[in-house]
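Whole structure, please, built from the sequences with the hints as guidance.
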Amino acid sequence: MPDTSLEKTTQSVTKRLLPARGSLILNGILVVSAWLATMGFHFQQWSAQQPASTTLFLLYAAVTTAGFGGWWFLLRQIQGFKDTSPARKLWTLLVGGSVLMIVAGTVTRFGRISAPGFDLGIGFDLDTGVALTFPTIVKMGIVSLAMVTFSFLLLQRLRSLILVKRSHSSERNWKLLIGLMIASSATTLFMQPGASQNDWQNVAMVIVAVFMVVNAFRLSWIVFLSFKEKLATLGLIFLLGLFILFSLGTGFENSFGMVPRGLEYLEFYFMPLATFTQQAAVFGMIYCVTSFLSLLFHLPTSGDYEQRAGERATMHTLAALVGQVFDADRLFATIAASPVEAGSADASWLVMPDPETGTLRQHVVAAQNLSPDQIELFMDCSELVDALSEDTDGFLIREAAADHRLNVRSSDGLGSLFVVPLVARDERIGALFASKSVVNGFERDDIETISIFAAQASVAIDNARLFEQQVEKERLSRELSIAREVQRKLLPQQAPNLRGTSMAASSVPAQEVGGDYYDFVKLDDDRYGVIIGDVSGKGTSAAFYMAEMQGIFQSVSRLASSPSEFLHHANLALAQSLDRNVFISAIYGILDLKKETFTIARAGHCPAATVRLGGESRLIRTPGLGLGLDRGDLFRKSLVEEHIDLAPGDVFVLYTDGVVESRDVSGEEYGYDRLLAIVDEYRHDDAEGIHAAVLRDLRRFLGAEDYDDDMTLVVLKWHGLPLEVLTGTECVLIESH
Amino acid sequence: MSNFSVGFRSSGAVQILDLQGELDAHTAAELEAAIQKCQKDNRVHILVNGANLMYISSAGLGVFMAYIEEVRESGGDIKIAALQPKVYNVFDLLGFPMLFDIVETEEGAVDKFSSPSAD
Chain X
1 MPDTSLEKTT QSVTKRLLPA RGSLILNGIL VVSAWLATMG FHFQQWSAQQ PASTTLFLLY
61 AAVTTAGFGG WWFLLRQIQG FKDTSPARKL WTLLVGGSVL MIVAGTVTRF GRISAPGFDL
121 GIGFDLDTGV ALTFPTIVKM GIVSLAMVTF SFLLLQRLRS LILVKRSHSS ERNWKLLIGL
181 MIASSATTLF MQPGASQNDW QNVAMVIVAV FMVVNAFRLS WIVFLSFKEK LATLGLIFLL
241 GLFILFSLGT GFENSFGMVP RGLEYLEFYF MPLATFTQQA AVFGMIYCVT SFLSLLFHLP
301 TSGDYEQRAG ERATMHTLAA LVGQVFDADR LFATIAASPV EAGSADASWL VMPDPETGTL
361 RQHVVAAQNL SPDQIELFMD CSELVDALSE DTDGFLIREA AADHRLNVRS SDGLGSLFVV
421 PLVARDERIG ALFASKSVVN GFERDDIETI SIFAAQASVA IDNARLFEQQ VEKERLSREL
481 SIAREVQRKL LPQQAPNLRG TSMAASSVPA QEVGGDYYDF VKLDDDRYGV IIGDVSGKGT
541 SAAFYMAEMQ GIFQSVSRLA SSPSEFLHHA NLALAQSLDR NVFISAIYGI LDLKKETFTI
601 ARAGHCPAAT VRLGGESRLI RTPGLGLGLD RGDLFRKSLV EEHIDLAPGD VFVLYTDGVV
661 ESRDVSGEEY GYDRLLAIVD EYRHDDAEGI HAAVLRDLRR FLGAEDYDDD MTLVVLKWHG
721 LPLEVLTGTE CVLIESH
Chain E
1 MSNFSVGFRS SGAVQILDLQ GELDAHTAAE LEAAIQKCQK DNRVHILVNG ANLMYISSAG
61 LGVFMAYIEE VRESGGDIKI AALQPKVYNV FDLLGFPMLF DIVETEEGAV DKFSSPSAD
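Chains X and E supply the protein sequences, listed in that same order. Residue numbers are given in the numbering used here: position 354 of the first sequence equals residue 354, and the series is strictly consecutive. Residue numbers are given in the numbering used here: position 51 of the second sequence equals residue 51, and the series is strictly consecutive.
I should point out that these hints are in silico values taken from the structure, not numbers from a laboratory. Be careful, since some hints might not be right.
[To be verified] Here are the computed lysine-lysine pairs in the DSS-like style, where the Cα-Cα straight-line distance is at most 27 Å:
(1) E/Lys112 - E/Lys37
(2) X/Lys175 - X/Lys165
(3) E/Lys86 - X/Lys637
(4) X/Lys637 - E/Lys112
(5) E/Lys112 - E/Lys40
(6) X/Lys175 - X/Lys228
[Claimed, not checked] Okay, the calculated bits of chain E under chain X, using three or more residues with CB under 8 Å as the criterion:
(7) 64-75
(8) 95-104
Each residue gets a CB set at the ideal place from its N, CA and C atoms; glycine is no exception.
Dropping the structure here:
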């Protein structure tokens with residue numbers, strides 16, 4: 001994998017580095033002019049009818065080498081680095097080669113030079129190598145170009161196959177082969193056409209042949225082909241071998257081929273090129289033979305390779321699914337299908353407990369190639385999963401029909417069964433079943449593959465669940481914040497502004513919602529009710545009872561003439577709905593502005609704190625049961641009201657147990673004494689000031705911002721006269737006395 | 001996390017539950033379980049000893065309310081003894097002494113079980 005990506009980057013770099021068009025044109029001009037120059041050389045020889053001088057011939061050799069060297073690179077550039085399949089490479093090579101050979105073959109058939117009884121051969125003076133006629137030169141030029149071009153194309157195409165899965169050594173071997181081919185070709189520079197090679201050249205040929213064989217066994221590309229591709233490539237390789245044989249391989253006198261005596265033309269054109277082309281042809285045929293045989297032998301195993309490829313593809317799908325967990329059904333279906341898609345099973349299914357019914361009974365949640373109903377007919381999946389508990393690696397039933405746990409006949413198409421558990425974070429979350437239609441159908445690598453899928457699937461399912469939980473958590477927290485908002489609206493938005501009094505109140509739930517309640521109500525022109533309540537427990541259930549309490553207060557308070565009467569009615573109303581272990585403590589007080597009295601009744605609630613102007617402080621602790629503690633007459637009898645004649649400066653503080661029971665880090669409670677002390681200290685302030693002072697003191701005491709319990713504080717102060725006529729607290733005192 | 005425990009003792013027919021620690025919304029379930037166990041064993045003369053009970057919240061008080069009726073219907077009672085003053089205050093504020101026998105000492109409570117006239 002990293003190999004190809006590296007290759008791709010280097011390719012793109014090369015592509016960018018080469019100013020493609022400019023260099024192509026330049027190279028093209030070089031090649032064409034070199035070719036024309038070689039034609040000119042042969043034309044000069046023909047017109048002089050004698051071989052050129054050695055100097056000129058060496059110059060010719062240099063120009064030819066440069067020209068065809070340029071042609072080699074030009075061809076490589078034109079072909080580019082396209083990553084096509086081997087079959088396509090071979091096919092295009094065949095087509096290109098055919099065109100070239102047809103052109104060459106056609107050219108050789110025109111302008112034959114023959115006289116009756118005298119064969120001029122292909123039209124060269126065999127001793128000097130000089131062309132006898134002008135058309136011979138042209139034919140030679142065209143045929144040579146075609147044959148060399150085909151040999152170049154052949155080598156370049158083979159190179160791209162040989163260097164699949166390249167390594168340093170394979171690259172080196174390839175370069176050595178080409179280098180040796182060039183070198184051994186160079187030794188034939190002064191050889192006469194038709195002459196046999198000398199010993200040195202034979203040795204060079206042997207060395208080249210060794211490297212040909214070495215390179216001919218670079219056949220990695222075959223492994224990656226599917227069965228069909230192998231078959232197609234096999235045919236193409238066969239054709240290519242034949243084609244090379246009949247084009248480049250047979251170009252001499254008395255042989256048959258596509259280009260009659262083509263190689264002879266090439267020899268007269270430039271001997272080293274002919275040698276090179278012949279070597280290319282030999283190598284091409286060797287490579288065709290090795291790849292043909294290799295393809296043939298790999299054909300039977302291509303199924304295995306395809307299974308591997310399927311496994312890899314399926315693994316990719318599964319791995320991708322780990323990240324895509326929004327759709328549980330799709331996840332289950334993919335997991336259930338994975339063994340089948342990988343080719344490791346004929347049918348497979350996923351078994352899990354039903355999360356909706358909450359039962360631990362396992363059932364089929366997704367299946368591939370068998371319906372859940374069929375599966376349930378065949379076996380009790382739940383029972384099989386239970387049998388897994390001792391066996392964390394899964395178990396294999398080699399012959400399904402013979403296993404007493406399965407209700408399978410041999411005609412049912414279920415020969416063997418493999419069951420593997422899905423385990424996430426040490427917890428078994430289900431099992432993956434895979435079946436094959438044949439007995440003993442599972443090989444070791446099937447089992448390994450399915451086990452790996454199971455492990456992967458476990459992670460995916462676990463992720464999906466965590467994600468779901470997270471979503472659920474977020475939903476709940478959204479719901480709760482809505483509930484908190486609703487509850488906040490059940491409480492008065494601001495304390496009423498009454499003549500002669502100031503009031504301040506606040507409530508902070510410990511959780512999103514709480515069971516604390518306070519409220520004000522106008523009973524008539526002169527009388528106002530104030531209530532504080534605390535539902536036992538905390539959180540959502542307390543919040544619901546708090547809401548009910550609010551409803552009762554808003555509807556019943558105006559009908560009740562006294563605090564105890566209201567509490568009695570409230571107790572009756574609540575008795576219907578309160579759980580037996582839930583109760584509500586409350587204090588209800590009625591402020592009469594005309595009579596200047598405050599009447600309060602306490603139903604099990606923390607005693608109200610009161611501080612008078614002179615500093616006398618006390619807790620108003622009248623007897624009284626909590627609401628809901630008794631549903632009969634005892635509650636009513638327990639209540640005792642207290643009437644307080646108001647004096648200017650009287651402060652009343654109502655609160656819930658969250659205030660006095662708040663504990664600091666050392667575990668000490670805030671307590672009643674601290675409360676009374678701080679109220680006493682700030683008794684000259686108005687209700688707002690006292691309220692703020694208490695909260696400040698409480699926070700300082702706790703040393704922390706969050707509270708353990710719901711905390712509600714209501715402060716009420718009687719100033720005595722309408723505030724608007726007062727200029728200060730002192731005035732009130734003087735006036736009221 | 002839980003700093004609350006219930007100890008089981010018996011004195012004759014009386015099942016004594018020794019509460020220790022803090023009884024709040026989190027630990028209330030333990031006391032519930034203890035009382036349920038007593039009911040199942042048909043030992044309904046239940047005496048809750050609060051000598052080591054340091055704190056009780058409204059949820060803790062709710063446990064007593066949840067079972068008193070059933071226990072009394074089956075001929076038994078839940079009596080509470082030896083509460084710390086601060087804890088007693090919480091019981092007292094809500095009026096529990098009107099509903100439960102809350103006795104200063106364990107012996108006194110056991111005696112009350114044996115003399116039904118005191119119920």
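ask   = Which of the listed hints are broken here?
value = Violated: hint 6 alone.
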